[in-house]
Amino acid sequence: MDDFLAARSQMALSLGFHIIFSCIGMVMPFFMAVAHYYWLRTRDVTYQNVTRAWSKGVAIFFATGAVSGTVLSFELGLLWPKFMEHAGPIFGMPFSLEGTAFFIEAIALGFFLYGWDRFNPWFHWFTGVVVGVSGLASGILVVAANAWMNSPAGFDYVNGQYLNIDPIAAMFNDAWLSQALHMTLAAFAATGFAVAGVHALMLRRGRNMDFHTRAFRIAAAFGAVAALLQPLSGDFSAKDVARRQPAKLAAMEAHFHTEKSASLVLGGLPNEDKQRVDYAIKIPGMLSFLAHGNFEQEVTGLDRIAPQNRPPVVVPHIAFQLMVGLGTLMMGIAAVYFFALWRKKQWLTSRWLLGLFVAATPAGFIAVEAGWTVTEVGRQPWIINGVMRTADAVTPMPGIAYSFYLFTAVYLSLSLVVVFLLYRQIRMVPELYDVPAGTPEAAHA
Amino acid sequence: MDYVVITFLYLAILLYLLLGGADFGAGIIELFTSRKNRRVTHETLYQAIGPIWEANHMWLIIAIVILFVGFPRIYSVMSVSLHIPLLLLLLGIIARGTAFVFRHYDAVHDRMQGVYATIFVYSSLVTPLFIGILAGSALAGYVDPAAPDFLSAYVWSWLHWFGVAVGVFTVALCGYLASVYTIGEATTEADRQRFIRKTRLLTVVAFAAGALVFVAARYEGLPLLTWIFGNPVGITAIGLATISLGLLWYVLGQASRTWLPRVLAGFQVTMILLAVGYTHFPNFIRLRNGQHLSLFEQLAPAKTISALGWALLLGSLFILPALGYLYYSFQHVSRPQSAEAHGG
Numbered sequence: 001m002d003d004f005l006a007a008r009s010q011m012a013l014s015l016g017f018h019i020i021f022s023c024i025g026m027v028m029p030f031f032m033a034v035a036h037y038y039w040l041r042t043r044d045v046t047y048q049n050v051t052r053a054w055s056k057g058v059a060i061f062f063a064t065g066a067v068s069g070t071v072l073s074f075e076l077g078l079l080w081p082k083f084m085e086h087a088g089p090i091f092g093m094p095f096s097l098e099g100t101a102f103f104i105e106a107i108a109l110g111f112f113l114y115g116w117d118r119f120n121p122w123f124h125w126f127t128g129v130v131v132g133v134s135g136l137a138s139g140i141l142v143v144a145a146n147a148w149m150n151s152p153a154g155f156d157y158v159n160g161q162y163l164n165i166d167p168i169a170a171m172f173n174d175a176w177l178s179q180a181l182h183m184t185l186a187a188f189a190a191t192g193f194a195v196a197g198v199h200a201l202m203l204r205r206g207r208n209m210d211f212h213t214r215a216f217r218i219a220a221a222f223g224a225v226a227a228l229l230q231p232l233s234g235d236f237s238a239k240d241v242a243r244r245q246p247a248k249l250a251a252m253e254a255h256f257h258t259e260k261s262a263s264l265v266l267g268g269l270p271n272e273d274k275q276r277v278d279y280a281i282k283i284p285g286m287l288s289f290l291a292h293g294n295f296e297q298e299v300t301g302l303d304r305i306a307p308q309n310r311p312p313v314v315v316p317h318i319a320f321q322l323m324v325g326l327g328t329l330m331m332g333i334a335a336v337y338f339f340a341l342w343r344k345k346q347w348l349t350s351r352w353l354l355g356l357f358v359a360a361t362p363a364g365f366i367a368v369e370a371g372w373t374v375t376e377v378g379r380q381p382w383i384i385n386g387v388m389r390t391a392d393a394v395t396p397m398p399g400i401a402y403s404f405y406l407f408t409a410v411y412l413s414l415s416l417v418v419v420f421l422l423y424r425q426i427r428m429v430p431e432l433y434d435v436p437a438g439t440p441e442a443a444h445a
Numbered sequence: 001m002d003y004v005v006i007t008f009l010y011l012a013i014l015l016y017l018l019l020g021g022a023d024f025g026a027g028i029i030e031l032f033t034s035r036k037n038r039r040v041t042h043e044t045l046y047q048a049i050g051p052i053w054e055a056n057h058m059w060l061i062i063a064i065v066i067l068f069v070g071f072p073r074i075y076s077v078m079s080v081s082l083h084i085p086l087l088l089l090l091l092g093i094i095a096r097g098t099a100f101v102f103r104h105y106d107a108v109h110d111r112m113q114g115v116y117a118t119i120f121v122y123s124s125l126v127t128p129l130f131i132g133i134l135a136g137s138a139l140a141g142y143v144d145p146a147a148p149d150f151l152s153a154y155v156w157s158w159l160h161w162f163g164v165a166v167g168v169f170t171v172a173l174c175g176y177l178a179s180v181y182t183i184g185e186a187t188t189e190a191d192r193q194r195f196i197r198k199t200r201l202l203t204v205v206a207f208a209a210g211a212l213v214f215v216a217a218r219y220e221g222l223p224l225l226t227w228i229f230g231n232p233v234g235i236t237a238i239g240l241a242t243i244s245l246g247l248l249w250y251v252l253g254q255a256s257r258t259w260l261p262r263v264l265a266g267f268q269v270t271m272i273l274l275a276v277g278y279t280h281f282p283n284f285i286r287l288r289n290g291q292h293l294s295l296f297e298q299l300a301p302a303k304t305i306s307a308l309g310w311a312l313l314l315g316s317l318f319i320l321p322a323l324g325y326l327y328y329s330f331q332h333v334s335r336p337q338s339a340e341a342h343g344g
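Line order of the protein sequences matches chains A and B. If you're matching positions, the first sequence starts at 1 in full-length UniProt numbering and goes up one per residue. If you're matching positions, the second sequence starts at 1 in full-length UniProt numbering and goes up one per residue.
Don't read these hints as lab results, they were simulated from the structure. Just to be clear, a hint being listed does not mean it is correct.
Derived pair list, reagent style SDA-like, types lysine to any residue, alpha-carbon separation capped at 20 Å [unchecked claim]: (1) A:K82 - B:R39; (2) A:K82 - B:A153; (3) A:K274 - A:R304; (4) B:K303 - A:R304; (5) A:K282 - A:L356; (6) A:K260 - A:G285; (7) A:K345 - A:L356; (8) A:K282 - A:N271; (9) A:K82 - B:T118; (10) B:K303 - A:D156; (11) A:K82 - B:D144; (12) B:K303 - A:L356; (13) A:K282 - A:Q308.
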């Protein structure tokens, strides 16, 4: 493995790992705050148990997300020193604000996790809300920094020099809003479906019905609302990408040839040598409509992009199809769920509806990883779109492959341990939460 | 704004060493506690650092963000020349941060606890060792962006006696800070006496490790004595640190004082940093060719520095009061002795 590929793989691995943990750490506090609110209003102990059980998940995910985030802030330099040397002062603004948000989150988490029975109950609840809000803010800020790589702004690039730097303009680049919206909804949908799926599995097994029913409903509501809203933000993102990064759109859609009334390509296997897509379903005019809101309009194909500036097609195309497919699936389940809530209450306890949620447990996270693959691979060969090539940013240090193997081992074992811990948390629910809070047994929870 | 950013950079480094250092020290102390007392030590330390744990870690993030936004070339030279110790530091941070949380939040308490504890204590030792090595390497003058071969570019830049000595000294300082901090957290008189004995021992260890740094500096031909004692600020700082060490030794045995030893220990470490840092300011990294990467010369463009400065100032308006209240709220004296404190 050459150093460039190793550096890219290590970055992909670290981000791919971090993204899951930070999504859960960012979204679960909101579920927790809702359960906590019900507990404070109704004094129904089950809600307190749900809050406590989730708070342990949040603690585990926050810690893992925090360390993997720390690793990333170093890896930016360890792997891409040339990029950071130039980009740091330009796109650093969201990172410095994110530092603040992250700090507040860590402080609020200290109050929340260790503050049971110690503070005014509503202050305690509020600290949990602050964990969620500041987590959300840091997520949005990090995405704004990534958006700058797709849509560089806030500087003039003249003869290899970065002049007239304006960090505020860089932060509010053209891509930040659509990317942040899409990622935030994705985080809510993915986490909502994942958490709901786990509780649905327990419900199907008939364990701790009260506990899991309440937990399931809160998580499913968040996940379902986000899944239904996501297509709107997806459409917004697609139009945005079509305007700003036609090469990325062309790669996502495997759109090799510039044409008017371009068709949408569903599925299929792109053949980059022959510049065509095999085994695909084509919907005429649909790509023009999705990209530009008009069935006739011309959509730029890869043929308009200089060969050395073309992104790979196979990976972004398949990842994009996967993301959209899973998103559609989740949207469908969400629609069924709301219909059940509205008209068919008996469905809510049926095995098949719970089964749908169980099946969809990993869907959101696979979609998140796929979507992130689209945005990162689709930007290649650029690390700063149109300004700096990824290959020019990589560290001169040789032997990065070893560091990649090392991190692969570390992240694999961490993932295994976290799954192991979650399994043990869930398995212990009957023992930890079947007793009313306040008794000595409950206190050991 | 330049000074605001530079002040925050040093403040973040100092607070990471003081607060995060006490954290690292907690693991180090646990490692050097007899099996008999390990459980009590573990629980006392856990209660002391649990709530503030994540916040202590944030100073590192603040410092690194200030470096890459405000001093991008320093960050990039560090990232390339000191790649290997930074990587090892990161592995330590990952292992420590996760093991600490896993050991507390694992729903089942079984043999896995031993695994988490082992990872936690050894990574508590390794992490500050590499922080110290990095700090030593910034001063030692082996960092060479134009180095011709792998070893001198990526290995001899940090692997030298001075760096290792500073690493060992940092480990000792962390253990010392944690031991002073824990005295006030003891729940029984016997534990308190045990922690006091531990503090006295670690004071001696830290002193010896400090002496080792001078020996290593002499061996590497670094004029450390001149750097520290060649100016009135250094002499005054070391003088004050010595006086406060005597005072600390005197007040250690007094049960009524929990905050004074902590303040004195923190003050000593601050003075040591000041003494070493003063002669070098505004230089941050000494290069092999005798030149320096100076904070003033490597500053990012003015607009960036101004935005960063404002972000830090506004951020600290939120962070510092909240952080102060967090530390205050979880002081030992106000901790209820309920099972909740154990269970979280």
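Against the structure, the hints:
With a C-alpha separation of about 48 Å, the suggested pairing of K82 of chain A with R39 of chain B is violated against the 20 Å cut-off. Straight-line distance between C-alpha atoms of K82 of chain A and A153 of chain B comes to about 17 Å, which keeps the hinted pair within the 20 Å bound. Under the criterion of a C-alpha separation no larger than 20 Å, the hint pairing K274 of chain A with R304 of chain A is consistent with the structure, at around 16 Å. Distance hint between K303 of chain B and R304 of chain A is unfulfilled; the C-alpha atoms sit about 37 Å from each other, more than 20 Å.
For the hint linking K282 of chain A to L356 of chain A, the alpha-carbon distance of about 29 Å lies beyond 20 Å, and the restraint is violated. The suggested pairing of K260 of chain A with G285 of chain A holds, with an alpha-carbon distance near 8 Å, which does not exceed 20 Å. A threshold of 20 Å between alpha carbons decides the hint, and for K345 of chain A with L356 of chain A the separation of about 16 Å falls inside it, so the pair holds. Proximity of K282 of chain A to N271 of chain A is assessed by CA-CA distance (about 16 Å); at most 20 Å being required, the pair is judged to hold.
Under the criterion of a C-alpha separation no larger than 20 Å, the hint pairing K82 of chain A with T118 of chain B is inconsistent with the structure, at around 38 Å. For the suggested pair K303 of chain B and D156 of chain A, the alpha carbons sit about 14 Å apart, so the restraint of at most 20 Å is met. Annotation: proposed proximity of K82 of chain A to D144 of chain B holds, straight-line Cα distance about 16 Å (limit 20 Å). Simply put, K303 of chain B and L356 of chain A have alpha-carbon atoms about 53 Å apart, too far for the 20 Å limit, and the pair is violated.
Our distance criterion of 20 Å between C-alpha atoms is broken by K282 of chain A and Q308 of chain A, whose separation comes to about 28 Å.
Violated hints, in rising order: 1, 4, 5, 9, 12 and 13; the structure is consistent with all others.
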